[in-house]
Every structure is written in structure tokens, then in C-alpha cells.
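Chemist: Keeping their order, the protein sequence lines are chains A and H.
Here the first sequence is numbered in my numbering, starting from 443 and rising by one per residue.
Here the second sequence is numbered in my numbering, starting from 443 and rising by one per residue.
Be careful, since some hints might not be right.
All copies of an identical chain are treated as equivalent in the list; a pair is satisfied when it fits inside any one copy or across any two copies.
[To be verified] Cross-link-like lysine to any residue pairs, in silico, SDA-like; alpha carbons within 25 Å at most:
id: 1; residue 1: Lys491; residue 2: Lys846
id: 2; residue 1: Lys694; residue 2: Phe678
id: 3; residue 1: Lys731; residue 2: Gln771
id: 4; residue 1: Lys683; residue 2: Pro635
id: 5; residue 1: Lys642; residue 2: Trp798
id: 6; residue 1: Lys680; residue 2: Ile703
id: 7; residue 1: Lys642; residue 2: Pro617
id: 8; residue 1: Lys607; residue 2: Ala813
id: 9; residue 1: Lys811; residue 2: Thr596
id: 10; residue 1: Lys782; residue 2: Tyr587
id: 11; residue 1: Lys642; residue 2: Pro610
id: 12; residue 1: Lys642; residue 2: Ala611
id: 13; residue 1: Lys683; residue 2: Asp698
id: 14; residue 1: Lys757; residue 2: Leu606
id: 15; residue 1: Lys680; residue 2: Pro635
id: 16; residue 1: Lys769; residue 2: Phe780
id: 17; residue 1: Lys642; residue 2: His778
id: 18; residue 1: Lys769; residue 2: Val815
id: 19; residue 1: Lys642; residue 2: Glu544
id: 20; residue 1: Lys694; residue 2: Asp660
id: 21; residue 1: Lys683; residue 2: Arg669
Simulated from the structure, these hints should not be mistaken for laboratory data.
It should be emphasised that the depicted structure is a prediction, and the values quoted were computed from it without experimental measurement.
Protein chains: 2
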Amino acid sequence: MRAPKTFRLHIGIFGRRNAGKSSILNALTQQDVSIVSEIAGTTTDPVEKPMELLPLGPVLFIDTAGIDDEGVLGEKRIQKTLQIFDRTDLGVIVSNFNDWGEFEHQLIEEFKNREIPFIVVFNKSDIHGENIDIESQLDSVKIRYALTSATKSTGISGLRQLLLKTAPADFINRPTILADLVGPGEAAVLVVPIDKEAPKGRLILPQVQSIRDLLDNDSFCTVVKERELREALSLFNKPPKLVVTDSQAFLKVAADTPAQIPMTSFSILFARFQGDLNEMVKGAMSIDKLKTGDKVLIAEACSHHPIGEDIGTVKIPRWLTQYVGGKLQIDSIRGHDFPKNISDYKLIIHCGACMWNRREMLSRIIKAKQAGVPLTNYGLTIAYSLGIFERALQPFPAALNIYKEVYKD
Amino acid sequence: MRAPKTFRLHIGIFGRRNAGKSSILNALTQQDVSIVSEIAGTTTDPVEKPMELLPLGPVLFIDTAGIDDEGVLGEKRIQKTLQIFDRTDLGVIVSNFNDWGEFEHQLIEEFKNREIPFIVVFNKSDIHGENIDIESQLDSVKIRYALTSATKSTGISGLRQLLLKTAPADFINRPTILADLVGPGEAAVLVVPIDKEAPKGRLILPQVQSIRDLLDNDSFCTVVKERELREALSLFNKPPKLVVTDSQAFLKVAADTPAQIPMTSFSILFARFQGDLNEMVKGAMSIDKLKTGDKVLIAEACSHHPIGEDIGTVKIPRWLTQYVGGKLQIDSIRGHDFPKNISDYKLIIHCGACMWNRREMLSRIIKAKQAGVPLTNYGLTIAYSLGIFERALQPFPAALNIYKEVYKD
Numbered sequence: 443m444r445a446p447k448t449f450r451l452h453i454g455i456f457g458r459r460n461a462g463k464s465s466i467l468n469a470l471t472q473q474d475v476s477i478v479s480e481i482a483g484t485t486t487d488p489v490e491k492p493m494e495l496l497p498l499g500p501v502l503f504i505d506t507a508g509i510d511d512e513g514v515l516g517e518k519r520i521q522k523t524l525q526i527f528d529r530t531d532l533g534v535i536v537s538n539f540n541d542w543g544e545f546e547h548q549l550i551e552e553f554k555n556r557e558i559p560f561i562v563v564f565n566k567s568d569i570h571g572e573n574i575d576i577e578s579q580l581d582s583v584k585i586r587y588a589l590t591s592a593t594k595s596t597g598i599s600g601l602r603q604l605l606l607k608t609a610p611a612d613f614i615n616r617p618t619i620l621a622d623l624v625g626p627g628e629a630a631v632l633v634v635p636i637d638k639e640a641p642k643g644r645l646i647l648p649q650v651q652s653i654r655d656l657l658d659n660d661s662f663c664t665v666v667k668e669r670e671l672r673e674a675l676s677l678f679n680k681p682p683k684l685v686v687t688d689s690q691a692f693l694k695v696a697a698d699t700p701a702q703i704p705m706t707s708f709s710i711l712f713a714r715f716q717g718d719l720n721e722m723v724k725g726a727m728s729i730d731k732l733k734t735g736d737k738v739l740i741a742e743a744c745s746h747h748p749i750g751e752d753i754g755t756v757k758i759p760r761w762l763t764q765y766v767g768g769k770l771q772i773d774s775i776r777g778h779d780f781p782k783n784i785s786d787y788k789l790i791i792h793c794g795a796c797m798w799n800r801r802e803m804l805s806r807i808i809k810a811k812q813a814g815v816p817l818t819n820y821g822l823t824i825a826y827s828l829g830i831f832e833r834a835l836q837p838f839p840a841a842l843n844i845y846k847e848v849y850k851d
Numbered sequence: 443m444r445a446p447k448t449f450r451l452h453i454g455i456f457g458r459r460n461a462g463k464s465s466i467l468n469a470l471t472q473q474d475v476s477i478v479s480e481i482a483g484t485t486t487d488p489v490e491k492p493m494e495l496l497p498l499g500p501v502l503f504i505d506t507a508g509i510d511d512e513g514v515l516g517e518k519r520i521q522k523t524l525q526i527f528d529r530t531d532l533g534v535i536v537s538n539f540n541d542w543g544e545f546e547h548q549l550i551e552e553f554k555n556r557e558i559p560f561i562v563v564f565n566k567s568d569i570h571g572e573n574i575d576i577e578s579q580l581d582s583v584k585i586r587y588a589l590t591s592a593t594k595s596t597g598i599s600g601l602r603q604l605l606l607k608t609a610p611a612d613f614i615n616r617p618t619i620l621a622d623l624v625g626p627g628e629a630a631v632l633v634v635p636i637d638k639e640a641p642k643g644r645l646i647l648p649q650v651q652s653i654r655d656l657l658d659n660d661s662f663c664t665v666v667k668e669r670e671l672r673e674a675l676s677l678f679n680k681p682p683k684l685v686v687t688d689s690q691a692f693l694k695v696a697a698d699t700p701a702q703i704p705m706t707s708f709s710i711l712f713a714r715f716q717g718d719l720n721e722m723v724k725g726a727m728s729i730d731k732l733k734t735g736d737k738v739l740i741a742e743a744c745s746h747h748p749i750g751e752d753i754g755t756v757k758i759p760r761w762l763t764q765y766v767g768g769k770l771q772i773d774s775i776r777g778h779d780f781p782k783n784i785s786d787y788k789l790i791i792h793c794g795a796c797m798w799n800r801r802e803m804l805s806r807i808i809k810a811k812q813a814g815v816p817l818t819n820y821g822l823t824i825a826y827s828l829g830i831f832e833r834a835l836q837p838f839p840a841a842l843n844i845y846k847e848v849y850k851d
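Here chain A stands alone, though its shape is the one from the complex:
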């Protein structure tokens, strides 16, 4: 399912004809497994390129390559350029720094006047001379910039981080946790086991957020323990649209939910809501490649996390060991510090990061991707090791396809 154009983050790419706009775009594109289709335009019309840009998701690049510059924004081209500014959510100025000048300053001025967030990309490989003064010049005016070498494909990961950092929060944060899977006037069933770790008199945040997400979108839900699920389902004269369970009750809930009712877990919902479900599905599937002695990093977002304490430190290590059939080298981290060097790990398993904003989780996904380390989360790991991955992914066709592509026989 392609995202409608209206939901895509519109990234306007500006710069002189020889600045390297196309090579930057190509470098981003070649790294992503995604379909890039060009929408034809006349030579002076900007080219629009819809794509799935990791980690931002669906974006629309507006490539102003067709617009000539000749140093300054002349009267004739002002109208056309203004139209692009009108629909730009995030601006990118590409420069080779050698002819950085009046034209670039006019672009910056325009972004500032319109309060459009923007970044500058210097294509290092095109820069002549060594001791250029980029850093001091742009740092002093607090302009965010990235240094890339499109031809050598270096700096692209830093550019992704900068795009992530600068993109408006509305585009980073997903609009819904699960209400899009349920629909107005329809019901979900949320299965909330109460074990001795559950804080007295409360529900944990992902559960509360899910209930609220449904109410905000004119849906409703039945909240029930796993033991009473069968009884609760028998009360419906029309099946609920979705059953969501805490991962810890996965097997019982899978058994008690009729096959025609879609079923998933809070963790899988949060992989999508707070991270990138497709990337994390790939991550979970890499469990199969783990071998005795491999290094695995388990990352908990909260530095003090009374709930689920033993999921990350006890249960998941135990399951993984059983699954792999040998001892793994498991490191645990907590909080906002992420190791600089992660390339030794064969897998990173993250908590749902329900207390973080999505930007932080996506930033880790880029870092893992750059280091070539698959990343997944607790719930996906549990679902995979319990053998109910396929059923739990059914509400998410794109993610399910990633799985089916590998196990298509």
C-alpha cells in the first residue's frame, strides 16, 4: 500500500546546477530498498520523487534540478521557486561550497521567513581545497549541515540523522497506535495480564496509550485478562476487529482467539508506532542466524524500569539461548547512552521505548543499519521464538511480506 502524497514529508532540494543534488538523492536512494518512480515534468518543472526514506518513512523529494539559478533568484524564476517553498516541509540546500554565496543566502533567508526547517549538505568530494571554513562559518549562524561524499557513499548516514533531527515532529510521530486497524465505531480487545510485576492499581503506559488512541479515533475496546478472554469474546455478537495482547500471554491468547480475528501484540504495535516495524521484522528474523558465542545487545529505554525488568535480563536471554541451542554473549544497556561501537553485535534487541519519542528510536535504527547490525524489539523476539510471528504480523501486510519473502515455500 503506497502512502498517499498528502501524508508524505515533502523534502525540497535546492541548489545550483552543479551542486550535486542528484548524486545526493541517488546516494540516499541506492541505500534504501525502495521503488523510486519519477513523475515526469518539463525541464523547468521540479521533479517529484516519492520514496520510502529510512527512517522517516514515506517522503516526496521535490528535486529542483530543472530550475536554473545563475547566481541569484531572478524575477523570472521567483514565482516558480516560491511555489516549491509553498509545499516544502523540510528544506535541503545542496552546495559544493566553492560558489557558496548570494543564492544560498537568499534560500536561507526564505526558509527562515517561512519558518521552514532546513539543512545544508556539502558534497565534500566536490569541494576543491582542503582548509575550507565550512564549520566556523555555518556554526556561527547555527545552521545544521552535513558533509557527504556522494560518490564514495560516505556521510549518508549522518545526513539521514540530520534529516531525522530536523523533520517536523508531526511527520516523525505516527498519528495512531492501533486505531487505523480498528476503525470508527468498532471494537478491539486488549488483553492485559496482571502478574506480580504489574504496578498496583495501574496499567502500564502502552496499554493506557492504546485505550486512549482508540477513544481518540471513535473506536472502543474491551480490556480483559488472558484468563477471561474466551468469556469476553463469547459476549460479542460480532467479532472484534483486532485482539492485542501483552507478549507474555501470546500463546494463550493465540489459542483462545478464533483464527478469523486478527491478533497482534502491544510490542508489535509499538515497533510500528515508536520505531520501524519492517526493519524490526528483519531484525527478528536474523535470530535464525545467531550462533553459539555471538554477541547480542539488549537495550532498555528506561534507566529505571520496575516493570518488565526480568523480560530483558532474564526471559529473553533464556529464550534466545534455548532457540540458538548454545550460550550467547549478552550485553545489557539502559537509558539514552548508546555504545559508539556496535558492529561486533550480531543483533540488538530493544524494549518498546514507550517512554521515548519516536525520533530517538529511529536514530538508533539508523545507527544499527549503518553498523550492519539487525535491530528488533522484545515483543517481536518473543513472537518469533514462540513460532507465532506470521499470525502476529497479519494486520501489517508490508511487514508480513518481508517474512513471507524469506519463507515462501
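Knowing the structure of chain A, use the given hints to seat chain H on it.
Modeler: Quick look at chain H alone, frame taken from chain A:
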């Protein structure tokens, strides 16, 4: 419905034959509108008196009046007295102070050894001499005591506060918010309106606590906005045992809930859970006695309360004014400070106090009662002024009877 003996707080009253045990009991009894029935015993057996003691609720007084003392716990009576200690949750030593001595110290020693909370009551009117040294003597050993004059009925309110303060938390805190009205394996519907005051992505505490209370007791619930209630109810092939709404949606929910389904509000549940529903029902009914110019105190538990801000300061004052048909003098307070002098007020209207422990709310109920000022809460005020008091009280027969007694025609 009488509380079973097992759920009553067992208060053992100890003291010498002439210490005033009976007059203390009578003073407490005469102030409470409650049935006191004596369970007959032999002269040397303790008399058990079940009663509704404001504000503790159902208690069982074990009156040791039949046990002779003669100064010390002689061998012959030790066995009988130990039996009483065995079932005492809260001990009361009554003394006239003149013969305070070895006997009382033995009682105190026994309470301490058994870790039974206890208080001492000095019946002032029986104390001979003015400059007695009670305070310094008992303060030094940190023993809680009350000074009463049972014959003049003074100090009884202070005694109640001391009993409240000393009673074990298990007896102060009610075991359930609403699960007792629903039952295991059965469903409630919780109606949660989402207005602009609702904090983003969250539910307010009483809603979360209610969901959790149901799960803890093997019940379950459907959570729905008032707009989708009708749709949600139509989805079930068996009516829920109870519909609970936020007071703000009372009229719509009353209209959309079939008459045979019991319906109440979170506020009414919390009047019972955090306060004393019967007292607060009386308080709400006193709205009818308000006249133009009367003073009303509106009390909010939280000192900073972003939600419901305008309920206490705007909506309730407006409703009351409309109901009374004239201007009232309305004072507002917030937080833990309660005015010393409240006897000028004709009514106190409290928030649900969901962030407090019940002890604090009960303490205010005693203070209001002592000052002769009726006390109610927001939700009961709203229900009363909207004319749906009777329906909202149906799940609570004792409270409903208080209302029907007055409006029996």
C-alpha cells in the same frame, strides 16, 4: 445488607471496671445513626457490639466490661484476656487516670508485643484534680491518646479522628472500587468522554484504577466514549452488569443506557471508595436547603489540578446558582490545608480525592460532621442537580434508601 463479622474492624476495649468503657461506647453510639445489637454473653465473657462507626464503617466492639481486673492480670484471667487480644485489630484502653498503673502498663506491653495498634482514652470528666500530668507522661512514650468527656459528649470527634488515624490501612482502604458490583467473568462498560481538558495520550487516574480494579477481580470492561456507547452496547449479546460514566456525560449516558442496566458515575464510585457514600448522599441532598447568599466551600484535593479545573471553579458554581436561583458565596480551597472554622458553610463540595488515601478524606468527613456541615462531592452534586440521583444510586441500596426515606411519596 450487614457486613459479615469477618470484615468488621475488631476494636477491643480494655480498662478497669470503673474506667468508663461503657460511657465511651455509648457516646460513640449515640452520635451515630446505627443499629447497635448486643450479642449476649456470660458476665465474664466479653460483649460484642457490631456497629457502623463513623467514619470507619462496620466495626465490632469487643467490650471487656465483664472481665474483672483487680489491678493486675491475674493468672486466672490471662487465658480469657489473651483470647481477646487474639482477635483485636485495634486496641482501646480506657482509663480515668486516677488509678493508672501496673494493669494499664501490662495492657500496653501486650499490645506492643503483638504489634496491635492501640490508643488510650482518658475520660476527663472522671478525672479528679486539674493539673494532671497525662500529656507529658504519655507523650514521652509516644502513646496516642484522646481526652473525652463522655457525659458531656465532648472529645468524641477527637476520639474518632484518633481511631481513624490508628486503624490499620487494610480496614481504612476499601478492597474494591467497582468489581464487587460486577462479578468475576462479567463485564462493565466505562464511559470516558475525551474533551479538550483530557491530557494527551492518557486516561485520568480514576478511570485507570477502575479498569485495573476489574481486572484484579477477574472481571473485564469495555471502554468507550459517550458518542459510541449505543454502538458498543449493541455489540454485546448479554447486557453488561454496570455502566459507569464520567459525570460530565451523565445525561447522554443515562439516555443511551437501557433502564434495566445499572448505571452510575466514577464520582459516585469514588465517594464510596475514597470517602463515605452515605454521608455524601446526605450532603448532596442538602443542596435543596441552600438559599441565596449561603456560603459554600468547594475543596479540591490536588493543589495543581489541570483536569477538571473548570468543574470546581466554573461548572459547579454555575449549576448551584441556577439550582438555587440566586447568588451563593462560594469559597475554593486546594490541597491538604482545611480551614479550622468551617461552621459558617452550609455545604462542602469535595472533588473525588482520587490522589489521596481514604484516611484523609474520612478525616475531613469527621470534621464536617462535627461542625454540622453537610459534605458531598462533585459527581453527586452533578447527579443531584441533573435529576438523575435515584438512577445513579441504584447500585447502592443503603445510599438509595437514604434518598428514598426523604422523598418517599
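Chemist: For this structure, which hints from the list above don't hold up?
Modeler: 1, 14, 19
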